[in-house]
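Sequences listed follow chains A and B, in order.
The first sequence maps to residues 1 to 369 in my numbering.
The second sequence maps to residues 1 to 130 in my numbering.
It is worth saying that the hints were derived from the structure and are not from the lab.
Chain B is faced by these chain A residues, among others (derived, beta-carbon under 7 Å):
id, residue
1, S32
2, Q33
3, L34
4, V296
5, F318
Here are the computed distance ranges between Cβ atoms for each label pair:
id, chain 1, residue 1, chain 2, residue 2, range
6, B, D7, A, F21, 32 to 42 Å
7, B, G23, A, A337, 51 to 61 Å
8, A, P177, B, D35, 32 to 42 Å
9, A, H267, B, D35, 48 to 58 Å
10, B, D118, A, A333, 54 to 64 Å
11, B, E99, A, A127, 51 to 61 Å
12, B, V48, A, A337, 33 to 43 Å
13, B, E83, A, D306, 24 to 34 Å
14, B, G21, A, D35, 37 to 47 Å
15, B, D7, A, Q242, 35 to 45 Å
16, A, G214, B, G98, 32 to 42 Å
17, A, A349, B, G21, 37 to 47 Å
C-beta atoms are modelled at their ideal positions from N, C-alpha and C, and glycine is treated no differently.
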Amino acid sequence: MGSRTPLFDAHVALGAKMVPFGGWDMPLHYGSQLDEHHAVRRNAGVFDVSHMQPVDVTGPAAKPYLQFLLANDVGKLAQTDAWTGRALYSCMLNERAGVVDDLICYHLGPQRYRPVVNAATADKDLAWMQERAAGFDATVTRRDDLAMLAVQGPSARSLAEPLLPASIRAAAMTLKPFHAAEGDGWLVGRTGYTGEDGFEIILPAEAVGALWQGLLDAGVAPCGLGARDTLRLEAGMSLYGQDMDEDTDPLSAGLGWTVAWQPPERHFMGRKALAARREAADLPRCVGLLLTGRGVLRAHQQVLLDGKHVGEITSGGFSPTLERSIALARIDAAAAAAGEVAVDIRGRAVPARIVKPPFVRNGQPKIDL
Amino acid sequence: MSDIPADLKYTESHEWVRDNGDGTVTVGITDHAQDALGDLVFVELPEVGKALAAEDACAVVESVKAASDIYAPLEGEVVSVNEALDGAPETINSDPYGEGWIFQLKLAGDDPAAGLLDADAYQQVVEEEA
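With the hints as constraints, model all of the structure from the sequences given.
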């Protein structure tokens with residue numbers, strides 16, 4: 001049996017199909033994954049993401065520590081220690097420039113940051129972060145007392161508004177994308193993993209039941225991991241363990257945009273190896289694929305050009321919004337310019353077109369079908 | 001609780017088999033199978049005219065989650081396939097024993113129930129999986 005979030009009983013009562021995920025028992029869907037997907041694209045859905053792990057990083061050297069730990073630069077969050085309430089997506093790299101994990105780091109205030117890491121990697125991440133903190137006047141604290149909901153979709157923010165603590169309601173409603181507001185132990189970020197507008201809300205575990213029920217009562221659809229995966233795939237967002245891992249550098253995983261090379265004097269974990277990788281002739285590309293033939297693209301299927309292997313699908317599936325199959329693939333740079341490739345689906349070479357993710361944003365297709 | 005009609009036969013791999021009484025059988029996947037797979041989004045049908053041995057993988061159903069092989073329950077030749085599933089694979093979710101049928105076999109042998117499970121035995125299979 002896996003760990004349970006505070007909402008486990010609520011999921012079971014709603015008829016969720018519970019599955020093991022990253023050491024947790026989590027809802028896969030509550031009946032129809034497709035309906036949940038569409039609810040997020042068209043109205044609003046809520047995901048229990050309490051399996052994800054908030055970590056507080058505090059102290060006089062919190063900022064320099066994170067500037068060493070992360071490939072993106074928390075210096076972008078604030079030029080001074082003044083609080084901006086901004087959030088930053090980053091990879092955390094090892095010495096070989098492999099991805100230990102990806103995370104969103106919220107800036108909570110002067111000398112206070114909150115990275116949120118993946119569930120399956122949380123123990124490894126915490127150990128890694130503690131070890132790297134040696135020599136910095138910074139404290140790394142695992143926050144097991146918190147729960148987390150993602151409420152996503154075009155109506156998500158307005159439906160969530162009355163349920164937010166009065167002390168942060170006004171601030172939360174005026175947040176720009178990738179900013180966050182904090183108060184009464186709640187952190188409300190205008191962030192997400194679906195390609196839609198919405199909030200990710202980190203709050204005391206004892207308060208999550210009322211927020212969950214309040215959202216359902218307001219007509220927000222409960223959504224499981226299944227819809228979360230198809231939504232993030234349509235949004236062209238990477239999934240740790242699938243699109244990248246400790247043996248994949250962020251440049252090869254299509255995450256080069258998250259690496260802050262400036263200023264050149266900032267030394268971060270993995271920088272040296274990554275800089276060498278950047279010059280490598282065999283650096284592959286991460287591309288989107290749209291299946292033009294029949295079938296469904298899946299992770300680990302081989303990508304072919306003129307009958308020759310040129311790469312592999314890292315994430316694939318059916319896009320409910322486009323009603324076509326889509327994928328993220330890592331392929332040879334030379335093949336990335338091809339336009340048309342084929343994918344080996346059970347021994348058949350099925351045609352697919354190379355496209356630029358995202359596939360869908362804010363309910364709208366972003367590629368030509 | 002999944003629906004297991006008493007008038008059908010079943011396989012351990014979750015196909016159902018309807019004896020049409022004329023030397024042919026109709027094959028689909030059970031209510032339990034469609035529920036476990038989740039929303040279906042693609043069906044790869046067998047070729048009409050193809051000769052199959054019992055337990056040959058002959059079709060594929062793909063849900064939002066994963067691809068799953070469909071096996072021939074008996075030896076025979078494919079005489080028809082449900083082409084309506086091409087545009088509406090979700091029919092298998094909504095009506096697995098009716099409009100969601102997948103293919104029909106003309107049997108090589110005489111026994112349309114050879115080696116198959118009855119509803120009670122299939123119920124056991126489902127319960128043991130749970």
